[in-house]
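Q: Model the full assembly from the supplied sequences, consistent with the hints where possible.
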Amino acid sequence: MTRLLATRGLQAFYGDAQALFGIDFELAKGELVAIIGSNGAGKSTFLKCLTGLVRAPRTAIEFKGEAIGGIPAGEIVRRGLALVPEGRRLFPSLSVEENLLMGGLTQRPGPWNLQRLYALFPILAEKRQLPATSLSGGQQQMVALGRALMSNPEVLLCDELSLGLAPIVIREIYAAMPAITGEGMTVVIVEQDVTMAQRVSQRIYCLQEGRVSLQGRSDAFTREQISQAYFGL
Amino acid sequence: MGNDIAMTNPAFDVARGNRASHTALAIGAALVLLAASLPWWGESSWMREFVEIACYFIFAMMWNLLAGYGGMVSIGQQAFFGFGGYVMLMLGNFAGVNPFVAIPLGAFAAALVAVPVSFVAFRLSGGYFAIGTWVIAEVFRLSFANVSAVGGGSGTTLTALRGIEKATRESVTYWMALACVVAAIALVYLFLRSKRGLALLAIRDNEVAAESQGVPVQRMKLAVYVVAAFGAGLAGALYFVGNLRISPDAAFSVNWSAFAIFMVVIGGIGRIEGPLVGALIFWALNKFLSDYGTWYLLGLGLLAIVVTLFFKQGLWGYAQQRWGWSLFPTQRKLVRPDA
Amino acid sequence: MIETLVQGLLLGGLYTLFALGQSLMFGVMRLTNTAQGDFIILAAFAAIGGIALTGGAPGLVALAVLPLAFGFGYALQRYVLNGTLGKDPLPSLVVTFGLSIVIQNLLLEVFSADPRAIEIGGLATQGVEVGDALSLGVLPLVVLAVAVAATAALQWLFAHTALGRSFRAVSDDREIAELMGLDARKVYALATAIAFVLIAIAGVLQGMRTTVSPSDGPLLLLFAFEAVIIGGMGSFWGTLAGAMILGLTQQIGFRLDPGWGIWFGHIVFLAVLVLRPQGLFPKTKG
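Protein chains in written order, with my numbering: chain A, 1 to 233; chain B, 1001 to 1339; chain C, 2001 to 2286.
Hints listed in this document are in silico derivations from the structure and should not be mistaken for laboratory results. Just so we're clear, the structure is a prediction, and the values are computed from it rather than from any experiment. A virtual CB, placed ideally from N, CA and C, is assigned to each residue, including glycine. There could be a bad hint or two in this list.
What follows is a set of in silico ranges between Cβ atoms, one per label pair, in the way DEER data are often shown [claimed, not checked]: (1) Leu2256/C with Ser1154/B: 19 to 25 Å; (2) Ala2145/C with Glu1211/B: 47 to 53 Å; (3) Glu75/A with Lys2283/C: 56 to 62 Å.
Residues of chain B placed beyond 12 Å of chain C at every Cβ, according to the derived structure [stated by the list, open to error]: (4) His1022; (5) Ile1027; (6) Trp1040; (7) Gly1042; (8) Gly1096; (9) Val1113; (10) Val1135; (11) Thr1157; (12) Arg1169; (13) Ala1179; (14) Leu1190; (15) Lys1195; (16) Ala1210; (17) Gly1214; (18) Arg1219; (19) Ala1319.
A: Listed below in structure tokens is the structure:
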């Protein structure tokens, strides 16, 4: 497998508090990998390290063969790593379309543009001039996803797409995944919804209190095993 | 409260003082006694200078309480400074009150007027709160400038002290200043060491978190604002007893806040020693460089900028971090008894 | 009465120019520039000095000040003020306060305390007859026109350009904006650069309409600030409206008693603060 993204012994701190205690992670091109774990396990922190929002040692993270730990977030996006942040974090002062345009700031070449996104999520086309935060939760998630896609990344990191959304809406969002991965996009999803995570991904990691407690093929584990890894039993 | 941990776990003790601070306290007491004897062996110009420095220092100390501990940065404290001065003068000239007695009365008046003022000022926060307080001080200034009974725009003199012999007046003013300084330091120090002081630090660090822990944030902020106003009024009343003449421009000048900011920032905000160190540095600079007028002020401005950008803790704070100096310990450290 | 109202609106135009830069800087990076007024005066003196040095036409020298102001504002933000940004309002307050002192004293040293003006000959007093009872000054009308144009330009910049999007994004959520590839430090610097062009325009016009002296700054700051608060934060048209209201109340106050003009403006400001703290025309954020 061609290793696109990897971390080795990644540690992370918030001030004096340690959040990650040495994460080893691997991602091959074209994969959809899921990361699960309870609240506070370090999942979001992990993604933030990858995208440069949390400091990490230079060599702890490798992307396309280069060490990128600690590089500023803007530069990492330019290299092809994009984040759909936890809680969406859309810009309230910007409309739907303006939020999407912000995502395209780096002007990386690729298949994703406004038309493509509006084709994928037609409701956004309808509401393109409205303030982004006036949309429903599910629609906002589509905007956040679209915003990240606009930078035409090679690796898309999704932090809790299902957060606060009704099951039917979650399904609708994940229904868009094949269109995304179909273009050859490599995706990492962080998910609270374990069933969904297992269903859509090929491999799965479970984090528990800042450490990897389980990893392997998504279909290889029973509910029992996942529970145990989840709660550290 | 502080000793609960020590009681449940005898392996730890809660230490507040250290040897350096106990020595400092003893030296401080000795200095105060020495200073009190000044009228008998010192020159009258020294006493007048001391009164002026005392006013700067008290004002700065109260500004530090408000900004460094209360988290409210104000450039309008001169409103209370001037108000205290004018109330003292009015009580002295029109109500026949002894001006020295009128000093604390002026302070109380300033504290009282701070309550309705806070109702307006607290609508704003951050940088805009600062400017808002300045506007309020301007309203005070313009209002008093239009009252002819106290001399309008050109001000008036404190006639109530006319009958007293000069030497006596100067000595009493000096002792009054000394008493005010000691009282101000004691007030702030004890306040900060108390439970309320800890609550204040909690609010400063994270208002929302403090509120969720049951700290009555709005009441505490009002309390600090009123105490700071009291102190500012005290300094103002004292200043104009020493000066004998008051005018709206002198009483409500924004320079008071400017000086307070410089003293505190240079000395180190949020530390009790900060205003003291800053006041001394300020006085020294004033003494030797104020002849250079504009260049001196320009230099002060640059100094404040440089210290803010590069010595975020102020010069005393820098020393505290680097070498652990501390004169007025309000921090509580957990220590092992054998340490 | 009409005369008072008209004078008030014209004054409001001037106050708009004082306030726009402040509104912009606070809007984009929550920075309170307490030296706002002093920079306006500095710009006026820069023009005065430029005219004295080069003997050039006032209009041309004034125009030359604008790009200088742009560069100065950019550098100031990039290398000095960016270091003061953050949750704590104190550092930016102290640094801009310090700058205020430095500017005032520098100007005192170079120009002395005498009031100066940018001489534009007859234009300063020329009037335009409206009906038979009213005469409007040409310069105040120009000021008003420039103020409205500047407000419209800023509004357009924010709503319809990529730069404006960057400003809004970075003020909404700096971290995520940086995730999009923006360099917040440079965006902030551009915002201040534009604010300083507005400051320069205000300063030059102020120097043309009246005399300026080194210590005039602080009062201008208070007017700018009051205009922003009365109008409500978040919108440039709001700032213009606030400036108009301030100008009107001051003129009405002056009419009632010359000593109470500015005081009256302060009182109205405080009243708005108590009764409607969000200002009269705030833009609500999502």
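Q: Could you work out which earlier hints the structure fails to respect and list their numbers in ascending sequence?
A: Hints 3 and 10 not satisfied by this model.
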